[in-house]
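Trainee: Each chain is listed here by its residues.
Protein chains: 2
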Amino acid sequence: MSSDSNSTPPIALDPVLDPTLGPVELTRQLCNIPSVSGDEREIADAVEAALRSHAPHLTVTRDGDTLVARTELGRERRVAIAGHLDTVPINDNLPVRDEVDDASGEPMIWGRGTVDMKAGVAVQLALAVELVEPSVDLTWIWYDHEEVASDLSGLGRAMRNHPGLFEADFAILGEPSNGTIEGGCNGTLRARVSVHGKRAHSARSWMGVNAIHRVGALLERLSAFEPERIVVDGLEYREGLNAVRINGGVAGNVIPDECSFEVNYRFAPSRSGAEAADYVREFFADADRVEIVDLAPGARPGLDAPLAQRFVAAVGEAPNAKFGWTDVSRFSALGIPAVNFGPGDPLLAHADDERVPVAQIESTAAALREWLMHDISR
Amino acid sequence: MSSDSNSTPPIALDPVLDPTLGPVELTRQLCNIPSVSGDEREIADAVEAALRSHAPHLTVTRDGDTLVARTELGRERRVAIAGHLDTVPINDNLPVRDEVDDASGEPMIWGRGTVDMKAGVAVQLALAVELVEPSVDLTWIWYDHEEVASDLSGLGRAMRNHPGLFEADFAILGEPSNGTIEGGCNGTLRARVSVHGKRAHSARSWMGVNAIHRVGALLERLSAFEPERIVVDGLEYREGLNAVRINGGVAGNVIPDECSFEVNYRFAPSRSGAEAADYVREFFADADRVEIVDLAPGARPGLDAPLAQRFVAAVGEAPNAKFGWTDVSRFSALGIPAVNFGPGDPLLAHADDERVPVAQIESTAAALREWLMHDISR
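Protein chains in written order, with the working numbering: chain A, -3 to 374; chain B, -3 to 374.
Treat the hints as calculated values from the structure; they're not laboratory data.
If chains are identical, the list can't say which one is meant, so a pair holds when it fits in one copy or spans any two.
Taking lysine to any residue pairs in the SDA-like style, the calculated list, with each CA pair at most 20 Å apart, reads:
#1 LYS194 to ARG210
#2 LYS194 to ALA347
#3 LYS194 to SER219
#4 LYS194 to LEU218
#5 LYS194 to LEU344
#6 LYS194 to ASP284
#7 LYS194 to VAL246
#8 LYS194 to LEU343
#9 LYS194 to PRO223
In isolation and in its complexed conformation, chain A is listed as follows (with noise of 0.2 Å):
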C-alpha cells in the first residue's frame, strides 16, 4: 500500500472499521460513524485506517475526503466500484438497531445510512479487503459531497484531480437498487417556459390579453403527452416530462401579462443534453419562451458489453433502467458504462425509517465475488 502526495500524512488512525467481519458488520459500524454532507472527515479517516492495517494489495489515494483504492495486477480489465460516504441529516435514528421486518419477518438493520448508502459501502469495503487476486482489476472509491449541490461531489473533484486514476472498462455505483442491477439512468432538465400577454383592468377584460389562459393550452398538451418508453442497451428507460411549478398573477384586478412555469425533463440516455433542449424547446414552440435551466445528462448502461453481461450472469436477475439521476453518469461522461448495483430499497432512501434487509447486503455480496473472482477478463 501506498499513498500520493494528497494522502493526509500517515499518522496513527483508530481502526473502528473491521472489514474482516463481513458486510453485515461492517454496515452497523459504518453507520455508527456519524457523516452528514460536509462531516466526512472521520468516516474517511476510519476507511483509510482500515485499508492501512487489512489491505495491503491495494494502492490507496486520497483527495478530501474521497478515497481511491486499486489494484494493480495488470489485468486486462479494470472495474470502477464507487460509493459515498456522506448521509442526508440525522433525525433521531442512530445509532442503528437490528429489527425484524413486520411484514416479512426478514431480519433487518434500521437507521440512517442503512439504505443509501452505507450497506453498499460495507459491500465494497468488505470485499476490497478480501478479493487479493480479482480477475479483473479494481478501482475502489468512496467519497464525500453526494447528498448535496452537483457541483460540491468529492466524485467529481477528484476525477478533476486525478482524471488517471478513474480510467476503467465498466463501473458499479453501489447506490440502492435491491440488490438488483439498475442500469445507466436517465438524464434531467429543467425549463422555465413563459407566456406573454397584455395587461388590462380585468373589469374591461377584452382590453388585455390573459397570460395564464394562454398556458392552459401548453398545461393541456404536457396532460395528454404520452412520455416515450426507449430502450438503450438492452433496457427500457421510462420518460417523463412534468410541469413542477407555475407562477402568475399582476393583482386581483389585472389581466396578467405574463406566466411562467418550469418544466421537469426525464431523458432516456440515448438522448444527448443538446437532443433533450431541442425536444423542450421543440414540444413548446408556441411559448414565448423556453429557458433551460439545469441540464445534467444521463448515462448508457452498457449493459451489451460481455464483462457486463457475466455480471448480469452472476446477479441473476434480469437488470432493470433506473429512473432517477445518479453518479453514474460521471462515469457515463468518461466514456465508462454504469450501473447501480447495491442492497436496499431506493423508495427508503432519506426517509426517516430507513432499513436494509440483512440478506440484501449479504448477497449483493455475493453476487459481486462471485463476478469479480471469476470473471474471465477478455
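On the provided structure of chain A, position chain B as indicated by the hints.
Mentor: The following block gives chain B in isolation, referenced to the frame of chain A:
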C-alpha cells in the same frame, strides 16, 4: 340651513370655496385643497362653510367628513346626487394649472383630482347652491374614503348611521364618465379554484398525479369561454371571467400535488351575488375546491323609469353600461337605481397627468341643471 347633532360645532370657517363662481373655477378651488383619503377634514370643512354661506335652502347633516345636504320641498320624487371628496396620493401634480390639450386644442384643467372627481363635485356643489327650487327634491352627498378599502367608505358609514337621509327614487354618482351616462355597474367576485394531485418524485412521475397538468383543462375552458353580454334596463353589460393569479409547485424534482388559481368574475347587475357565486362554482364543477374570497354585487341602471328617461333626454347622448364597480352599487343595495355621470375621462383617473376638459365641466352642469329644473316629477 340647519345642523343636526352630528354636526361639528358652528365655528367660524373661512369660506375658501365660492360656488357662485361656477363649476369651472370651483374645480380649481376644490383641487387646490389637498384631500388624500384619510385627510378630508379640511375640504369637508370648506364645503360645509360654502353651504353655510351660500345655501340656506339646504338642510345639512355632517357625519365625520361626509356631508348630506337636502332640499325639503315636498316634491313627489327625490334624486340623490353624490361625489367623493378624497383623491389618490398627490405626485407633484398640485396645484392645478390650465393647459390646452395638444391633440384636440381643448382648454383643460390639469392636476390631481381634476378627473377623479373634483370636477364632478364642483358641478354638484355649484348646482346645490344655485338650484333653490328644483322640480324634484334633492339630496346632495359628498363623502370621504372612497379611494381606499371598501369598509372605510364614508358613504357606507353615513348610510348606516342615517338611513332615512338616503331615501331617493334615483341616484347619480359624479364619477368621471366623459359627460355621458354610464348606468349601474357590473358586480365583481373573486374565487380561489384548487386542484389536487398526488406527490411523487419526478424521476418516477407515473407514480403521481400532476395537479398543474390537471389545471390545464380548466384554463383551456376559461380561454375558450365567451363571456356573456347581458342587457339590463336597456344597457348592455359585458361580463368577464378571468384567471388573475396562479400558483403551484413543491420543488424542481417533485410532481406537484396542489395547484390553485384565482379568478375574477365581473357579472351583470341582473345576477345577484349568490347567483354569480353559483355560476363560478358550476363553471369549475370538476375542480376540487372553489372558495369565494370576495364578492360585491353590481347595480342595475334603472334607466327604464320615466324620471331616468328624462335625464337621458337632458344629457342628449345614449347612455352606456358601466363595467367597473362603483359606489352606485351602494344605492342599488338600498333599492335605488343609480348611474354614473360626471366630467372627465375615466381612463385618466389616478393617472399622474389627469386633466379634465373645461367644456365637459360646463356641459355636464348644463345637462344636470336642465333636467333638475324642468323635470316634471310624477
